[in-house]
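Chains A and B supply the protein sequences, listed in that same order. Residue 139 in the working numbering is what sits at position 139 of the first sequence, and the numbering runs on without skipping anything. Residue 197 in the working numbering is what sits at position 197 of the second sequence, and the numbering runs on without skipping anything.
Treat the hints with care, as some may be off.
Here are the simulated EDC-like cross-link-like pairs (lysine to aspartate or glutamate), alpha carbons at most 20 angstroms apart as the crow flies [to be verified]: (1) 52/B with 85/A; (2) 199/B with 50/B; (3) 130/A with 8/A; (4) 130/A with 18/A; (5) 67/B with 78/A; (6) 256/B with 63/A.
Think of the hints as simulated: they come from the structure by calculation, not from any bench. Model, not experiment: these values are computed from the prediction.
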Amino acid sequence: MKKIYVNEEWCLGCHLCEYNCAFAATGDKFMSLALKDKEIRPKIHVEDDGKIMYAVSCRHCEDAICVKSCISGALSKEDGIVKIDKDKCIGCLTCVLVCPYGALVPNEGKAVTKCELCTDNKCGEPACVKGCPNNAICFEERG
Amino acid sequence: MKNYVVVGGGIASLGCIDGILENDREGRITLICGEDRLPYSRPLISYYLEEKTTLEKMQYRSEEFFKNNNIEVKLGVHAEKIEADTVVCDNGEKVAYDKLLVATGSSPFVPPISGLDSVEKKFTFMTEADALALEAAIDKDSRVLIVGAGLIGLKCAEGIADKVSEITVCDLADKVLSSILDKDCADLVKEKMEERGIKFMLSDSVEKFDGGRATMKSGGTVEFDVLVMAVGVRPNLTQLKETGAEINRGVLVNDKMETSLSNIYAAGDLTEGMDISSGTEKVMAILPNAYMQGFCAGKNMSGGDCVFDNQIPMNSIGFFGYHIMTAGSYDGELYEEKSGDSVKKLYVKDNRLVGLIFLGSVDKVGIYTSLIRNKTPLDTIDFEKIKKNPSLLAFSQNYRRKNLGGVL
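Excised from the complex, chain A in its bound form:
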């Protein structure tokens, strides 16, 4: 299936993926209005030590330990995508405790958020990939 993959050597560390992700979640028309003066909690994040940089989002693991560990039954796998039922999640963060990639995002007492490959909004294809200026993340079949 198509997933988001990283081409580490192409990443510029511009963080645009983070903004496009946060913007996609709002469903608004203009990024500046939607995100201005707001703290964003994107579902993709760039790790950067000054020399190496790359984006990390949910890997939709074959054997997803977050799904197996979820105490509320909010996480499940549908058609290869790890999905979260925001209504069921009570924010215990067990998924954050076990995810080896740090890909789930705590959300201040509310349901955890995570990448669902933009199947949870109206983007069609992952917004982070669409907006990446240097092909450092792509949405395709691999491996």
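With the hints as your guide, set chain B onto chain A.
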């Protein structure tokens, strides 16, 4: 066609069913569930009292799930006796099995304290029925005494904090959450709960009850209207004991979740297994492990070859928005950071990360947890680089190419 019987209505049973269904969609699965509702999340009962979830949302799988997968569910039925190829139920029914999972969980332990019988409103706190009974017994004027400052006792306190007038929690230990926290972290959690009006009597226990009065060993007294006993839990082993399975504190299982008896597997709170962070056998009654044990058992019951050999104790829990994450064991060299309300402790031993405690800020803690579970030799990664901030920068470029880039 194989007959699979799964005894118990908790998450271990669902893990087992998922495991079986991955290999065998033709077999007959019977789920024997002691409570009279479909499996639900027991740890969520405090969130129910807090009105953060509902009884409907707490249910793990819909009725359709069981129907669509041809699973026969017997609700409100207990397995009374386990024979070589049959489970005898308390309603007289006999259910034949080729492969059996025993996932009967654990039950609250109530110590025989003098005068306990004289307490009118007393409860334990584990099941939906417990939560509903407690909910019906409290009102805004209730004074509640909770015996036990462990995970169950404190979650109960949080769940009812806004619904009663007074909560006192006592515990024999000198700290709260004594099974998962060290003293200074425990004191921070206690302070957070005290800010919400919860009172503590630690290093103290009830000597006797007299109706609505508890006399403490220290000599003090507590007047209360409602009592919650949350001292601890004990594995439900009766059926397996009678059948002759090898049992220590919990039933012994190997890493395929087989008991010492042929065709009988066990998973969840009643099992004793290897904690790879400390190298010791223990009962690790926590939900994620129960699911993973059940899943492993289910795979093996249906002809697979699966091992679950990296169990560690781990907990993610919060009180009034203050988060706590713990994993592994705390025997090792300590790396510590504190800032504001946040605490971070990492324990390193023999070139491995063996344990962690986080309070407050908990972003990306799973990167550390996976180092513990995978027994990653720390000299194969740049551990120094991620002591402060967890990231995948500690790993080789090849690791990232494989895991983020999908390049094999």
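Now for the hints, and whether the structure bears them out:
{"no.": "1", "hint": "52/B with 85/A", "result": "holds (14 angstroms)"}
{"no.": "2", "hint": "199/B with 50/B", "result": "holds (19 angstroms)"}
{"no.": "3", "hint": "130/A with 8/A", "result": "holds (17 angstroms)"}
{"no.": "4", "hint": "130/A with 18/A", "result": "holds (12 angstroms)"}
{"no.": "5", "hint": "67/B with 78/A", "result": "holds (19 angstroms)"}
{"no.": "6", "hint": "256/B with 63/A", "result": "holds (17 angstroms)"}
The structure fails none of the hints (numbered hints given earlier).
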